[in-house]
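*Asks:* Sequence lines, in order, name chains A and B.
Quick note: the first sequence uses the numbering used here, first residue 1, plus one each step.
Quick note: the second sequence uses the numbering used here, first residue 122, plus one each step.
These are computed hints drawn from the structure, not numbers from a lab.
Just so it is clear, the structure is predicted and the values come from calculations on it, not from any experiment.
Heads up, a few of these hints could be off.
Below, computed lysine-lysine pairings styled on DSSO-like, alpha-carbon distance capped at 27 Å [said to hold, decoys possible]:
(1) 109/A x 457/B
(2) 457/B x 2/A
(3) 115/A x 523/B
(4) 420/B x 363/B
Only some residues are given here: those of chain B computed to face chain A with a beta carbon under 10 Å [stated by the list, open to error]:
(5) 290
(6) 514
(7) 552
(8) 579
Which residues of chain B face chain A? A partial, calculated answer using Cβ under 10 Å [to be verified]:
(9) 201
(10) 319
(11) 323
(12) 556
(13) 567
(14) 570
Cβ atoms here follow ideal geometry from the backbone N, Cα and C, with glycine treated the same way.
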Amino acid sequence: MKILIVDDEAIIRELMLQIIDEIEDMEIQTLEATDGLEALELIKKEKPDIVFLDIMMPKLNGFEICRIFKNEPPSWDMKIIMLTAKGQDIDIQTAKELGVKWYITKPFKINDIIKLLREIV
Amino acid sequence: MRMSRLFQKTLISIIFLFLIIFITISIFSGWHLYNNLTEEYKSKGTAIASSIASSSVETNLNLDSATVQAMIDQFLEIEGVSYVFVRDSSGQIISHTFVPNIPQEILEISDAHKSGIKDISIQGMGEFLDIVAPITEGAIGFVHVGMNKNIINKKMWTVIGSQIALLSAIFALSLFLAYFMVNKISQPLNELTEYAKKLLNHDFSARVDIKSKDEIGLLANTMQSMANNINEVFDRYEYALKDAVLELQNTLAYLTTIIDNMADGLIVVDKDGIINHINSAVSDMFGLLEHEMIGKNIKILGKNFVELSTKSLATEEIVTAEINLTRNRFGKAVAKSIKKEYFAEDSEAKGILGSVILIRDITQEKKVDKLKTEFITIVSHELRTPLTSILGFVEMIERKFKDTIIPNIDLNNQKITKVINKIERNFDIILSEGERITSLISDILDISKLESGTVKWNLEEISIEDIVENAYKALSSLFEQKGLAFNLQIQPNLPKINADRERLIQVMINLFSNALKFTEKGFIKCSAELSNNEILVKVQDTGIGIPEEEIDTIFEKFKQVGDIMRNKPKGTGLGLPISKQIIEAHGGKIWVKSEYGKGSIFYFTIPLIKREGNNNENINS
Chain A
1 MKILIVDDEA IIRELMLQII DEIEDMEIQT LEATDGLEAL ELIKKEKPDI VFLDIMMPKL
61 NGFEICRIFK NEPPSWDMKI IMLTAKGQDI DIQTAKELGV KWYITKPFKI NDIIKLLREI
121 V
Chain B
122 MRMSRLFQKT LISIIFLFLI IFITISIFSG WHLYNNLTEE YKSKGTAIAS SIASSSVETN
182 LNLDSATVQA MIDQFLEIEG VSYVFVRDSS GQIISHTFVP NIPQEILEIS DAHKSGIKDI
242 SIQGMGEFLD IVAPITEGAI GFVHVGMNKN IINKKMWTVI GSQIALLSAI FALSLFLAYF
302 MVNKISQPLN ELTEYAKKLL NHDFSARVDI KSKDEIGLLA NTMQSMANNI NEVFDRYEYA
362 LKDAVLELQN TLAYLTTIID NMADGLIVVD KDGIINHINS AVSDMFGLLE HEMIGKNIKI
422 LGKNFVELST KSLATEEIVT AEINLTRNRF GKAVAKSIKK EYFAEDSEAK GILGSVILIR
482 DITQEKKVDK LKTEFITIVS HELRTPLTSI LGFVEMIERK FKDTIIPNID LNNQKITKVI
542 NKIERNFDII LSEGERITSL ISDILDISKL ESGTVKWNLE EISIEDIVEN AYKALSSLFE
602 QKGLAFNLQI QPNLPKINAD RERLIQVMIN LFSNALKFTE KGFIKCSAEL SNNEILVKVQ
662 DTGIGIPEEE IDTIFEKFKQ VGDIMRNKPK GTGLGLPISK QIIEAHGGKI WVKSEYGKGS
722 IFYFTIPLIK REGNNNENIN S
């Protein structure tokens with residue numbers, strides 16, 4: 001299983017890697033992207049199963065990436081999980097409108113992530 | 122020419138007087154004349170009859186009809202004598218002057234009438250006085266002389282007629298004189314009347330020209346000097362009035378200038394919502410000219426104004442609303458009803474006359490508010506990222522510590538176990554305080570949005586039961602943990618309300634978690650009922666209560682019950698201010714009653730009236 005972590009904050013990416021590392025009973029390959037454009041390229045190239053997507057990023061923000069995949073759905077089963085500090089109603093609603101099913105606001109609990117991953121898989 | 126009233130009256134009096142004189146004189150003189158003439162005729166007749174009787178005796182004892190006839194024919198020529206006839210002692214008429222025959226009436230009276238005077242009426246001839254004189258005491262015969270009464274009547278009427286003619290002439294003369302006399306009196310009176318009329322029309326410069334020294338002249342003089350006095354007084358008053366008006370105009374101009382130069386808009390509406398007065402700021406605020414607003418219904422300025430003025434006219438309290446102005450500006454309108462009792466006592470019933478609405482352009486404040494919110498939004502995002510790292514890694518360390526390190530440590534070493542316990546407690550503190558910062562950031566963001574009015578409300582038809590149950594569900598584990606009884610009493614069949622579901626759940630959660638936070642034993646009770654077209658919700662606890670001096674500030678930001686240094690309760694201190702903002706945005710009220718040491722009851726109301734969104738929602742777009 002391929003998981004792509006998209007966040008411009010290296011420390012958050014590091015945290016996410018460590019959390020995913022906690023799941024020992026699954027074979028998970030992790031990928032990282034630091035901005036929207038890089039994320040887009042990696043998604044097309046690597047076809048990840050799960051994408052943890054930040055919203056506020058340079059070059060291309062999380063919503064814009066969502067919009068791209070809403071208009072042109074990927075050929076494989078890719079699940080986008082928003083992982084963002086933007087926790088206002090309006091943001092959650094925007095994500096919903098863009099077809100995002102999972103929305104985690106920062107700060108989060110390690111178990112929130114692990115539970116969600118197990119649920120999805 | 123019109124007869125003056127005075128002359129009319131005089132005329133009527135004269136006519137009346139003359140009528141009485143006519144009648145009295147006519148009756149009196151007629152009667153007098155009649156009597157005199159009758160007496161005269163009687164004596165005349167008697168004399169003639171006696172004369173004939175004595176002549177007859179002298180000439181011949183035996184009546185010779187031819188001699189008698191010749192004698193009586195002479196007497197017939199005397200004025201008033203109509204007939205003469207002589208009868209013999211047997212009553213036979215031996216000679217007479219009747220032509221051609223003796224009337225029947227004469228034949229009938231002959232026997233009975235032997236002396237004196239008798240009235241008789243002969244058909245075709247008229248009325249007569251029949252006077253009888255016996256010849257030698259009736260031994261030879263009787264002489265009858267008939268005096269014509271018609272002549273008496275004729276004479277009498279002639280006299281009366283000439284009297285009437287004379288009196289009529291005097292009457293005409295009197296009228297003529299009266300006309301002049303009356304005119305002489307009434308003309309100056311008319312002049313005075315005209316003069317008085319001029320005075321009535323405030324023409325004090327008019328003059329009246331009556332020089333006579335009589336009462337009328339005196340009256341005219343008095344009136345003239347009175348008019349002069351009045352004129353003076355009027356002049357004085359006019360001058361004073363002009364002064365007062367000028368002063369009033371100045372004051373009014375001053376006030377109008379103040380009102381027109383006010384930065385705030387001012388609208389005065391009457392009790393029907395018709396705009397009576399505006400200042401120039403209003404024209405600018407709504408892009409309408411004064412004449413486009415005066416006299417129109419306030420609804421031309423938008424439906425918010427209709428609601429505002431309706432509310433204001435129904436109450437004496439100050440009512441406020443936020444409104445849109447032209448050129449993307451926002452205003453805050455404050456309305457206060459005008460009560461009649463501020464006016465003079467001439468008003469019929471006391472009541473509300475209208476409403477004064479002040480509008481302040483709060484575009485700048487809104488901008489500042491918006492900037493503040495944006496700033497807080499950004500800051501809160503920026504805070505969340507490092508907070509995520511800190512909390513995430515602390516949790517990670519705790520996890521590793523629990524999963525990996527503890528199992529590999531000698532738990533028999535008391536010192537190490539003690540340290541491990543401390544570390545575990547420290548982890549708990551770091552994590553729970555971290556959570557507190559997280560909710561503090563959320564709450565600050567929330568309240569700043571609520572205060573700046575940038576919240577989008579998702580109004581929908583919801584039942585209060587659903588709200589309460591959802592809030593309870595979210596906190597059920599806490600209820601169980603505390604072991605407090607929860608008592609729910611919701612009046613059945615409550616009408617639905619038009620409200621933001623998530624936000625009301627937020628309020629309920631706030632109230633429930635406060636109740637839980639401050640209550641150690643007893644119960645928490647929640648009830649909802651319909652009261653005055655509003656849903657009234659109560660949340661009662663048996664907790665520590667609120668000291669009286671803190672009740673007023675409990676809904677202010679960062680005010681929490683209790684001594685913060687000693688007995689710090691968990692929470693952000695923003696739950697109640699947020700709840701207040703939410704409830705007020707729904708048009709409701711929130712308040713608390715509490716007895717320190719015994720518990721508190723929080724109340725809030727949500728009106729049932731259908732609200733078409735919030736005034737602020739436009740600001741979001």
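*Asks:* It remains to establish, for every hint, whether it holds in the given structure.
*Replies:* To see whether the hints hold, each was checked on the structure:
For the hint pairing residue 109/A with residue 457/B, the CA-to-CA distance comes to about 53 Å; that exceeds 27 Å, so the pair is violated. Distance hint between residue 457/B and residue 2/A is unfulfilled; the C-alpha atoms sit about 67 Å from each other, more than 27 Å. For the hint linking residue 115/A to residue 523/B, the alpha-carbon distance of about 19 Å falls within 27 Å, and the restraint holds. Taken as a hint, the residue 420/B and residue 363/B pair is broken in the structure, with Cα atoms around 41 Å apart against an allowance of 27 Å.
Taking 10 Å as the C-beta cut-off, the interface hint given for residue 290/B is violated, the closest approach to chain A being about 122 Å. Interface restraint check for residue 514/B: the shortest CB-CB distance to chain A comes to about 6 Å, inside 10 Å, so the restraint holds. Evaluation of the residue 552/B hint against chain A yields a held restraint, the C-beta minimum of about 9 Å falling below 10 Å. The beta carbon of residue 579/B is positioned within 10 Å of a beta carbon in chain A (closest approach about 8 Å), and the interface hint is therefore held.
Interface hint at residue 201/B: violated, since its Cβ lies 145 Å from the closest Cβ of chain A, which is beyond the 10 Å cut-off. Checking residue 319/B against chain A: minimum C-beta separation of about 84 Å lies over 10 Å; hint violated. The interface hint given for residue 323/B is broken, as the beta carbon of that residue sits about 77 Å from the closest beta carbon of chain A, more than 10 Å. Taking 10 Å as the C-beta cut-off, the interface hint given for residue 556/B holds, the closest approach to chain A being about 8 Å.
For residue 567/B, the suggested interface contact is upheld, since its CB lies about 9 Å from the closest CB of chain A, less than 10 Å. The criterion of a C-beta within 10 Å of any C-beta in chain A is met by residue 570/B, whose closest approach is roughly 8 Å, and the hint holds.
When held up to the earlier numbered hints, the structure conflicts with 1, 2, 4, 5, 9, 10 and 11 and fits the remainder.
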